[in-house]
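**Student:** Build the full structure now, drawing on both the sequences and the hints.
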Amino acid sequence: MGRVVQSGGHANDNVAPRPAGAAGMTYPQYESLRLDWPSAGVLRVTISRGKMNAMDFQLHHDLAHIWGLIDRDPDVGCVVITGEGRAFSAGGEFDMIENIIADHDFRCKMWKDARTMIDSMLGCSKPIVSAINGAAAGGGLAVALLADVTVAAQSAKLVDGHTVLGVAADDHAVAIWPLLTSMAKAKYYLMTSEPISGPEAERIGLVSFCVPDDECVPRALDIAARLASGPPAAVRWTKLSLNNWMKNAWPAFEASLAFGILGFTSPEAREGLDALKEKRAPRFNPVSYV
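Going by this note's numbering, the sequence shown opens with residue 912, and the numbers climb by one from there.
Because the hints were derived from the structure by calculation, they are not lab data.
When the alpha-carbon atoms are kept at most 20 Å apart in a straight line, the in silico SDA-like pairs for lysine to any residue are as follows:
| # | residue 1 | residue 2 |
| --- | --- | --- |
| 1 | K1020 | S1031 |
| 2 | K1096 | R1114 |
| 3 | K1020 | I1172 |
| 4 | K1158 | A1169 |
| 5 | K1150 | G952 |
| 6 | K1150 | D986 |
| 7 | K1150 | L1090 |
| 8 | K1188 | S1104 |
| 9 | K1096 | P1106 |
| 10 | K1023 | I1172 |
| 11 | K1098 | N1159 |
| 12 | K1020 | S1177 |
| 13 | K1188 | T1176 |
| 14 | K1150 | S1036 |
| 15 | K1158 | S1036 |
| 16 | K1158 | M1094 |
| 17 | K1020 | F1170 |
**Tutor:** As structure tokens, this is what we get:
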């Protein structure tokens, strides 16, 4: 994870100095996350890892554990999460998926971090606003949609993507998609992995708002500033109360995560990854004993 520094200092190039007079919280020196303070009480976290912000293990791990630090940071009233460039995050990179398939211990680490990510985002008392500025898939989509307020750009493409890879939908989707949309929509989009445009995501209730591309981040920052300047206890208790709806679905989430991890040991995951690498249609065996 790298050195640990005060976010108000200068040792960490990925953490901008916080506003004058702020108390300060120690954040790690992240490899692929940039932190800055666009306005009073608003912390912006930008995923910054190449053209499509694909996840390696370290980024996935950091996105699982940053929320506990944010929750304890007295200077954060609200946090905005977004991606650099034309993508929010395109999900797991091929090398990481290869390791999940091949290495049991690595699978266990990914399972544990995925579980921590969902639990810590739901448990973080600070409001989270996502600016979904482009493609969001897999674990990246989980982070985007677990935010309390979600702002999608018109050009954004949202796709769970797990079944295309040959594994069950896990991460977050089983717990929150039926609540955000409906069971009918959740089943269709999660079983088919059909991409969803920004406007369609707003229409079916998957995101809070869809706005023109150049308004996505400014709109998210404006919402965050409003939340950060509001009554903190009232806002946080409202969030935590509403999140109990999602926590009630925790057994379903646990089952989905277990099925997802189990799926990485199957021939379907091997074929799904090979097909994606070779840019061809997958040839799954139609016979399964599930």
